[in-house]
Amino acid sequence: MVACSSDSGAAPEKPSGPVTVKVWAWYPEFQSVVDLFNRTHTDIKIEWTNAGTGQDQYTKLQTALKAGKGAPDVVQLELQEIPTFQLTKHLVDLGRYGANDVKDDYVDWAWKQVSTGDHVYAIPVDAGPMAMMYRADIFAKYGLTVPKTWDEYRQQAEKLKTASGGKSFITDFGANDGGFMTGLMWQAGAQPYTYDVANPSNIGVNVNSAEAKKVIEYWEGMTGAGLADTTAFHTTDFYNGLGTEKYATYLAAGWGPGYIQANAAKSSGKWKVAPLPQWTAGANAQGDWGGSSFAVTDQAKYPDVAAKAAMEIFGAKNTEAWKIGIDKAFLFPTATPVLESDAFMKKEYDFFGGQKVNEVFVPAYKAIGPFSWSPFNSYNFSQLTTGLNQAIEKKTSWTAALDTAQANIRTYATQQGFKVQ
Amino acid sequence: MSEVRTESAAAAPAVAGPPPRTGAKAPGRRLASAKQSAIGWLFVLPFAVLLVAFLLLPMAYAFKISLYRSTLIEGEVFAFLDNYRQAIDDPLVRQGVVRVLIFGLIQTPVMIGIALLAALLIDAATSRFSRFFRLAAFVPYAVPVVIGTLMWGFLYSKSIGPLSWTGVNFVSGDTVLASLGNITTWQWAGYNMIVLYAALQGLPREVYESAKIDGAGQVQIALRIKTPMISSALILATLFTIMGTLQFFTEPLILQPLNPGAITQHYTPNVYAYNQAFSFQQYNYSAAISFLLGAVVFVGSYIFLFATRKRSALR
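Residue numbers (the working numbering), protein chains in the order written: chain A, 879 to 1299; chain B, 584 to 898.
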């Protein structure tokens, strides 16, 4: 390590006191995690800013990176955004600062999302394994059974529609979240992008694959028949639907309960978790929706210190931080020592009527297959969401929307200088 | 328009140098006039510095980057007018322009009409309520656009909004333009009303007296006397509305999450330029779209002023 960091040469002399590391992140309950970190470290002091969630923060980050100043030392990036910021060479290779030492704390697919070979571009923090959260009270009221396959899911949806007189939907298909749709396609085995940061000028684009179309046609049928609602996710109407009896299930990620807790608290205690329905009975195919990591930007004055902070804020051995992350923030940890701990596996959630939900989420997380993202994810997600929302507005068919997205993304990639396969 | 005028006024001395000398002038006078012009410069200086730092330099920079093309893989290359050519050919830019034009054609008369009606009513009323109404109509303008739009987003909600009993989806593809128009009208009608009301207050009251003696009723006075007499204020208000409409941005951007299928990433030219730069990292293309939009706004305002030049008093 000493040899590695000495060849960076230009690293300026460190001040004698604690080094301040600026962090941008939007994790819930993060203030207590920051306080804990600053209390337990004498050499590093974290200065935390919430620069907005998701795209809001990326917009600010892009601008700051483009401007050459104003970016934080450590930044929260969702897994799908890492190639975007890596391609423009704004992420520090944490492999030089010992990140490979913690590699074994993470399951394979999650580590591959943040690294290529020995190059590590971020430290994973939380993931979004998908599962079906359902309202036990509504299921009991209308005599529904927990579906194991997507076919059964549709049967239950029809039963619910008739029994409730059209008042309740089986779920909401929010077409404004590209991560949600991609997660469902991921489960079906779609691989929309073939991209390796080691070979950055080549990219494969296969957004309208047979697997993706299977998923999209299924949901076209569900929404077309009035079985699934199409209110946009994360809106007032959506949370209101979760809190009332409008939606019987929520195809959610591991972090989902935190958001329901915050926005539809009155439904707390009525939810249960079951695995995501499968395309083939008895299979165990899973997908991921969201989840994020800590990356170090090229504007970090002391990259080694920033890397240490990125590794330790929510590190695998930082059980105190994870206590906050799990108990208060509903984060789904990516580090195996944390998620295999009894504190996590056996935790009974009041929100889920005392169910040990991680017995569902953890196996789902481990069964997620590999997946690669493109280095222009914002563009792809906007193509996907715009296209499918227009399909919902009945301006095009759903599969035509996928075809259009495929064509537009290929054109964009070519314009950006990629060799497109 | 007024901006452009001040700009050329500030720039003129720089081009022309010291005021033209006539050979007949005595050296002493010349000195005095030089001193005068120095003092003049001193007065203009703070404004000139701000103008250059916050308007001209950024514009020049934006124009420069609009001539380049940068790609994720190949870096930056000089592209001359390629970005402009692409923007003119881009159907998404055109859709946006057509949309704001349609929006403006409906929105502008409706809002100016409401503002004028309100101004005339409050001007005619002499009760103590008129002050209250004047303030009430102006309050929405005091609310920041972002907050106002978020608030309307809640009001439009189909599950918890107060209008949910109507069963209308206010953010569907068919209704969202009208819903946005409602927000802008709510926000700006009061402001325009104050402009028109101030103009009405400046009119000589004797004119109404003589009109009354001639047998004109209140309605006739309002339509045939007051309205024509404030036409220059009306034109000014309309001009600002046209410029604002073409640059329509904040409201669609804030409402977008409610229905991204209806409010697309290219809903208006300004929203499109914003997304190109900050979501898709196409800064160069974004700069070109912004410049084109600026040109359209300039030409549009000029055409409007030219068409109404007899009444505008803004020539």
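The set of hints was computed from the structure by calculation and includes no laboratory data.
Watch out, some of these pointers could steer you wrong.
[Said to hold, decoys possible] The calculated DSS-like cross-link candidates involving lysine-lysine, where the alpha carbons are at most 27 angstroms apart (straight line), are: (1) A:K947 - B:K647; (2) A:K1272 - A:K1091; (3) A:K938 - B:K647; (4) A:K900 - A:K947; (5) A:K1273 - B:K741; (6) A:K1225 - A:K1092; (7) A:K1019 - A:K1039; (8) A:K1144 - B:K795; (9) A:K1037 - B:K647; (10) A:K1195 - A:K1179; (11) A:K1045 - B:K741; (12) A:K944 - B:K647; (13) A:K1273 - A:K1150; (14) A:K1037 - A:K900; (15) A:K1148 - B:K741; (16) B:K647 - A:K1039; (17) A:K967 - B:K647; (18) A:K1201 - A:K923; (19) A:K1272 - B:K647; (20) A:K1019 - B:K741.
[Said to hold, decoys possible] Derived coverage of chain A by chain B (criterion: at least 3 residues anywhere in the stretch with Cβ under 8 angstroms from a Cβ of chain B; other residues may be distant): (21) 1165–1172; (22) 1222–1229.
[As the list claims (entries may be wrong)] Sample of chain A residues facing chain B (criterion: CB under 7 angstroms; computed from the structure): (23) T937; (24) S1079; (25) A1110; (26) T1113; (27) D1115; (28) N1118; (29) I1270; (30) T1274.
Virtual Cβ for every residue (Gly too), placed ideally from N, Cα, C.
Restraint check for A:K1273 with A:K1150, where alpha carbons must lie at most 27 angstroms apart: Violated, at about 37 angstroms.
Evaluation of the interface hint that places A:T1113 against chain B, nearest CB under 7 angstroms: holds, 6 angstroms
Distance restraint between B:K647 and A:K1039, which requires alpha-carbon spacing of 27 angstroms or less: violated, 59 angstroms
Holds or violated: A:K1037 to B:K647, with C-alpha atoms at most 27 angstroms apart: violated, 62 angstroms
Given coverage of the region 1222–1229 of chain A by chain B, tested with a Cβ cutoff of 8 angstroms and a minimum of 3 residues: violated (count 0)
Supplied contact hint for A:T937, tested at 7 angstroms Cβ to chain B: Result: holds, 4 angstroms to nearest chain B Cβ.
Satisfaction of hint between B:K647 and A:K967, Cα-Cα up to 27 angstroms: holds, 24 angstroms
Restraint status (C-alpha distance of A:K1273 to B:K741 at most 27 angstroms): Roughly 22 angstroms separates the two Cα atoms, so the pair holds.
Residue hint A:D1115, partner chain B, criterion CB-CB below 7 angstroms: Holds, about 5 angstroms.
Pair hint A:K1272 and B:K647, alpha-carbon separation not exceeding 27 angstroms: violated, 42 angstroms
Agreement of A:K1195 and A:K1179 with the hint, judged by alpha carbon distance not exceeding 27 angstroms: holds, 26 angstroms
Hint consistency between A:K944 and B:K647 [alpha-carbon to alpha-carbon, up to 27 angstroms]: Given pair A:K944, B:K647 holds - Cα atoms ~16 angstroms apart, limit 27 angstroms.
In this structure, the hints that do not hold are numbers 6, 8, 9, 13, 14, 16, 19, 21, 22, 30, in rising order.
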